[in-house]
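As a plain string of letters, each chain reads:
Protein chains: 2
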Amino acid sequence: MPEPEHHQEGHRLMRALARRSVDRTPVWLMRQAGRYLPEYRATRARAGSFLALCTTPELACEVALQPLRRFRLDAAILFSDILTIPHAMGLGLHFADGEGPRFERPLRSASEITRLSPPDPEEELRYVMDAVRLLRAELGGRVPLIGFAGSPWTLATYMVEGGSSLHFARAKGLLYEEPRAAHRLLAVLADSVRSYLRAQVEAGAEALLIFDTWGTVLAPHEYRTFSLAYLERIVRGLKAEVDTPVILFGRGGGQWLHELAATGCDGLGIDWTVDLGSARREVGDQVALQGNLDPCVLYASPATIREHVRRLLEAYGPGPGHVFNLGHGLQPGMDPERVAAAVDAVHELSPRFHE
Amino acid sequence: MPEPEHHQEGHRLMRALARRSVDRTPVWLMRQAGRYLPEYRATRARAGSFLALCTTPELACEVALQPLRRFRLDAAILFSDILTIPHAMGLGLHFADGEGPRFERPLRSASEITRLSPPDPEEELRYVMDAVRLLRAELGGRVPLIGFAGSPWTLATYMVEGGSSLHFARAKGLLYEEPRAAHRLLAVLADSVRSYLRAQVEAGAEALLIFDTWGTVLAPHEYRTFSLAYLERIVRGLKAEVDTPVILFGRGGGQWLHELAATGCDGLGIDWTVDLGSARREVGDQVALQGNLDPCVLYASPATIREHVRRLLEAYGPGPGHVFNLGHGLQPGMDPERVAAAVDAVHELSPRFHE
Chain E
1 MPEPEHHQEG HRLMRALARR SVDRTPVWLM RQAGRYLPEY RATRARAGSF LALCTTPELA
61 CEVALQPLRR FRLDAAILFS DILTIPHAMG LGLHFADGEG PRFERPLRSA SEITRLSPPD
121 PEEELRYVMD AVRLLRAELG GRVPLIGFAG SPWTLATYMV EGGSSLHFAR AKGLLYEEPR
181 AAHRLLAVLA DSVRSYLRAQ VEAGAEALLI FDTWGTVLAP HEYRTFSLAY LERIVRGLKA
241 EVDTPVILFG RGGGQWLHEL AATGCDGLGI DWTVDLGSAR REVGDQVALQ GNLDPCVLYA
301 SPATIREHVR RLLEAYGPGP GHVFNLGHGL QPGMDPERVA AAVDAVHELS PRFHE
Chain D
1 MPEPEHHQEG HRLMRALARR SVDRTPVWLM RQAGRYLPEY RATRARAGSF LALCTTPELA
61 CEVALQPLRR FRLDAAILFS DILTIPHAMG LGLHFADGEG PRFERPLRSA SEITRLSPPD
121 PEEELRYVMD AVRLLRAELG GRVPLIGFAG SPWTLATYMV EGGSSLHFAR AKGLLYEEPR
181 AAHRLLAVLA DSVRSYLRAQ VEAGAEALLI FDTWGTVLAP HEYRTFSLAY LERIVRGLKA
241 EVDTPVILFG RGGGQWLHEL AATGCDGLGI DWTVDLGSAR REVGDQVALQ GNLDPCVLYA
301 SPATIREHVR RLLEAYGPGP GHVFNLGHGL QPGMDPERVA AAVDAVHELS PRFHE
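So the protein sequences, as listed, match chains E and D.
With my numbering, the residue at position 182 of the first sequence is 182, and numbering never jumps.
With my numbering, the residue at position 206 of the second sequence is 206, and numbering never jumps.
Hints are computed from structural coordinates only; laboratory data are not their basis.
Just so you know, these numbers come straight off a predicted model, no measurement behind them.
Just so you know, nobody snuck in bad clues.
Here are some, though not all, of the chain D residues that point toward chain E, as calculated from beta-carbon distances under 7 Å:
(1) H167
(2) A169
(3) Y176
(4) E177
(5) D275
(6) Y299
(7) T304
Pulled from the structure, derived: some chain E residues nowhere near chain D, Cβ distances all over 10 Å:
(8) A137
(9) G141
(10) A240
The C-beta atom is built at its ideal place from N, Cα and C for all residues, glycine as well.
One chain only, chain E, in its complex shape (with noise of 0.2 Å):
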C-alpha cells in the first residue's frame, strides 16, 4: 500500500480532475481489481461467485485493495457491477459461468417499465454502501476512493435485452416503436443513477465515474435523445448536491467529447480509438482526460509498454488534467508484471510533463 504523499494539497487524481499542478501524471486503471490477479481468483473462489463476491462487503473491498497492494496506483475503485440497480430493482441478476450477465425477468412490456420505481441505496443496495464504507475506512486517505455506475441507456440495454447483446435489436426496437415508454425507463433509471451515486458519496466515495459502455451503438439522434441527455440530467444533478467530480467514459465516444464535456463533468473518460492530443485540444481546459492506453499493448513486452506509455504522456503534453488509464479494462489474460510496467513507467516518465 503506497504511503500517503504530502509533497501538495490533496491527491493527484482530485488535482489532476480539477486541473489543477501536479508532480506527476496520477495514474490508475480499470479492472485494476480483477481476474489477471491471482489472489482475485482466490478471493472469488472463496465467494463461490461473482455475484456473491460483489454483494459481500468484506469480500468485495478486499478486492478492491488488491491491486494496490501491488502497483503503485493513484486511487481505488469500488469493487462492484454496474447492474446493481437493475438487479435491486427486482429483475434477478445471475451471471453463468463463461457467459456475460443475464436476467431473470427482463423488461417485455412498457406495462412493466411503468411499475419500476428507484431502489434505496440505503436499503436494497445496502451492501454497495457498506463496502464503499469499509474501502473508505480501509484506505485511511492514502489514495482517493472512486464510486461508480452505469449509464441510464447502458443499463436499459441490459435490462431490455435480458443480457449481453450484439445488435441491441430489443433495446433500439424500444427506442424506435414505444419512445414514452422508453424515456420513462430512461428517466427512472437517471433517477436511480444519482441517487446511488449521492448515497456513494455519502458513504465516503470521492469521485464518481458513469460508464456509457453502450451509447455508441446508437444512431446519433438517437444518441443525443437517448443517451446523452440523460447523462446530462444526471451530472446537473449531482452537481447540484454534491462537490464531488464526476467523469464519464464514453466507449467509441470520440465524436462526441464536445457534448459529452458541455454535459458539466469534471473528466472524460475515453477508449483508446481516440487520439490523446486531438481530444485536449477539443475540449480545451473544459475538463480532464482520463485514458487511453491502448490495453492490448499491456501484452507487449515492458519496453515496448514503456515505449507506448511515453508516447501517450507526449499526446497529451505538458499541464495538468491528465489521468493515466487504459482505454479500457484489464484482461483476465493479462501479466501483472506488464501492469506494474506500465504504472512505473507512468511514475518515472510523467514528471517531467509537470516541471
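Chain E is fixed; fit chain D onto it per the hints.
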C-alpha cells in the same frame, strides 16, 4: 427482376458514385443476399455448408440474384466471403455452425508470414471469378454488379487470431511487437486484394467495395500505419489499372472520413453511428457516401421505417452522391416485408431530392 431503366445514361448506382445527377437515390443493402430470406436458406441447405455455397458458382450466383427478384434494388453484389483470400493462401477456412469463421492453420510465427504469397485469382480463386462471370451474364445489364474484398488489416486479424476475436490480442501483439512482420503480412495481403479485385473487374464487376471491418479497433497511430496506408495503396493501385469506382467501408470510421476520402476512392460506406449530413459536409464533393440507416430500424413498423428513410434522405439533402444503404448488414432475424418497406420508401421519397 426489375426492367432496365434508361431515363438517363448509365445506371443510378454508377452515376451516384460519380456524383452525377440521378432521378432518384439508388438503393442496395449490405447482406441483401442472406439468411433473412427463406429462398436463401433453401439454397444454403442444398449446398450443405456456407463454404460450399461460396465455392459453387451456380449457387453463389443464385443467392445473389434472389433479393433482386423481391426488391427494387439498384445493384447486385457478388455472394462470397472476405476470407477467400487467406483460404486460397492455405490457411484452411471453415465455418462451424452457429459460430464465426475459423482457420485450421492460423499464422503463428513471423516465418509463416514470409512463406505467404498472393494467390492467383484465376487459379486458387477461380470459383469466385466464375461466380462473377455467371452473375454478370445473368444480370444482363439490368443493374450493375459490385465485387468486394476485405481490407488487409481485417484479413490479417482473422489470419493471426484464427477466427473472430473480442480483443485482438494476438493481431495487435504482432503490430506492437513485430511491426516488420506485420508490414510484410499486410503488404502481401494488399497485393492479393489488389489483384483479386482487378480480376473481379476483368470477370465483370462494375464497382468495387473494400470492407475495413476491424480498422477502428486500432489506436489512431496504428490505424494510420497498419490499416489506412494499405487501403490507400490498394486504391491507388487499382485506379492506375482499371476505370472502376471503389467504395471503402470502414465500420465505426466516422472520425476517419477525411483520411478515407483522401485515399482516392470514389465512395465511402459509413455505418449508422455517423451523422450523414455532417459526413457530407466533411467530405464535400470529394466522394459519394453510401449508407447509413441503422439496420435495427428494420425491426420497427413500416411507418417508422419510412420515417427513418425520410430523415436520412433529408440529412443527406438535395443533389447527387448518395447511395442509400444500411449502416451494416441485414440480420438473419429480419422480416423481408420490412426490407421491402425500406426499399419502397427510398423509391417513393427520394425523387424530390433530385429535382
